[in-house]
Structures are given as structure tokens and as C-alpha cells.
Amino acid sequence: GAGVSQSPRYKVAKRGQDVALRCDPISGHVSLFWYQQALGQGPEFLTYFQNEAQLDKSGLPSDRFFAERPEGSVSTLKIQRTQQEDSAVYLCASSPHSRTGKVADTQYFGPGTRLTVL
Amino acid sequence: GESVGLHLPTLSVQEGDNSIINCAYSNSASDYFIWYKQESGKGPQFIIDIRSNMDKRQGQRVTVLLNKTVKHLSLQIAATQPGDSAVYFCAERRGNNRLAFGKGNQVVVIP
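Going line by line, the protein sequences match chains A and B. Read left to right, the first sequence gives residues 1 to 118 (the working numbering). Read left to right, the second sequence gives residues 1 to 111 (the working numbering).
Only chain A is shown next, with the shape it has when bound in the complex:
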């Protein structure tokens, strides 16, 4: 079946521009996560949704970062007034509920959006 998809795959922005990154999770997956991955580093948690509710946004680095998932499926990560330090790969992951109804453990990742801020 289809995995997690993200668009665009590559984005170049001039410093100060706003960008919007889209994530389409696996159909039916309840949980959705955004991570930021700097070059040569492991992914760092940004934010977490369960359905449309944003349950944890403690990893967002500043108030320029905003994420939403209004209908509990597609999510958008928006970065306002981009800075050079925002250059990174932005990864989206989703996971289903387990048979017990709890959030499943495994997170399935999309290919990421590589953001370059000039």
C-alpha cells in the first residue's frame, strides 16, 4: 500500500520567506509526527498529533514554526520568516492504533522535504 508521502521533496527559499510543507500519512493512521533532521544528524522531534489534536509541540524551535492537521489526516508544517538555520530535511511519520486501541509503537516515515534557505 501507499506509504507516507511528503511534498514538495525539495524547497529553496530566500531568507525571510514563508514556506509550507505537506504530509500525507498512511490512510487511517491516527498519529502523526514531524521531525527535523540536520545534515549528518539524527532526526529531532518537532510535534505530535493524534487525529486533529496537537498533543505535543514542545520540539518546535520557535514561534515561527506552526503545524496543523485540521481534519485528522493531511498535515502542514509552516515556517514563517525562514532563517538559514532552518535549512534541514523535514520528516513526517505516522503510526496507527494498535488492536488494544493504544497508539502503536512503530512510526513509518516519509521521504522528507529538504529545505534550503539562502
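To be clear, the hints were calculated from the coordinates, so they are not data collected in a lab. Careful, some of the hints might be misleading.
As the list claims (entries may be wrong) - In silico DSS-like pairs for lysine-lysine, Cα to Cα no more than 25 Å straight-line:
(1) K68(B) <-> K56(B)
(2) K78(A) <-> K11(A)
(3) K78(A) <-> K68(B)
(4) K57(A) <-> K103(B)
(5) K103(B) <-> K42(B)
(6) K11(A) <-> K71(B)
(7) K56(B) <-> K71(B)
(8) K78(A) <-> K57(A)
(9) K68(B) <-> K103(B)
Dock chain B against chain A, hints included.
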């Protein structure tokens, strides 16, 4: 602070040999760990996971070992193939199901 890290930055292995990748974690309360493989230009791909109530789990050509006493994880890849060349991350589950990743370990398979 709490962290998940890897001992070796790069591992070169001959095709057909076994590979072992190590990972140390610091949060003794962690109950779930995952190994991911990441190829260039792609997102992390799930390989295998293990819960803290287990010390070993096997998959297809891969085995994960968990030593809670010394807070150490390892991933063993049997009969390493060229397609195994990638960066491997261990990840530890924290609150709200967030994953905390280490820096990664590059595996290079020599044909």
C-alpha cells in the same frame, strides 16, 4: 542530559560478513527501542524493534540485542549485502511516543 548515541561513526564490512552496530542509551526508564535504516535521500526505514521486557529479537537477517544492565543496544546484520549500505539509527521512545534518535552509524559494504 538523557541521550541516545552510537559508538562508531563508520563501519566498513566485506560483503557476506556479519555487521554489528552498537548504541548506548541513558534513560533507564525507556521501554521501547527501534532500529532504522536510512539511505541517501530517503526517510528512515523501520528495521526491527524491541521492548524492554525482552533481551533479543530476530528478524530476517537482523537481530537486535538489548542489555538493560549497561543500557546498550546492538543491531546484528547477517551476511551483509551491498544493499545494506546506509546510515543506521537507534531510537528510543520518550513521552507522547516521540522518538529520540542517535547521530547515526554509516555502514559501507565492500563488494
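Results for each hint:
1. Restraint check for K68(B) and K56(B): the C-alpha separation of about 11 Å stays at or below 25 Å, so the hint holds.
2. Straight-line distance between C-alpha atoms of K78(A) and K11(A) comes to about 13 Å, which keeps the hinted pair within the 25 Å bound.
3. Our distance criterion of 25 Å between C-alpha atoms is broken by K78(A) and K68(B), whose separation comes to about 39 Å.
4. For the proposed pair K57(A) and K103(B), the alpha carbon gap of about 22 Å is at most 25 Å, so the pair holds.
5. For the hint linking K103(B) to K42(B), the alpha-carbon distance of about 16 Å falls within 25 Å, and the restraint holds.
6. The hinted pair formed by K11(A) and K71(B) fails the criterion: a straight-line CA distance of about 39 Å is larger than 25 Å.
7. Proposed proximity of K56(B) and K71(B) is supported: the alpha carbons are some 14 Å apart, at most 25 Å.
8. With a CA separation close to 13 Å, the supplied pair K78(A) and K57(A) stays within the 25 Å bound.
9. Distance hint between K68(B) and K103(B) is fulfilled; the C-alpha atoms sit about 20 Å from each other, no more than 25 Å.
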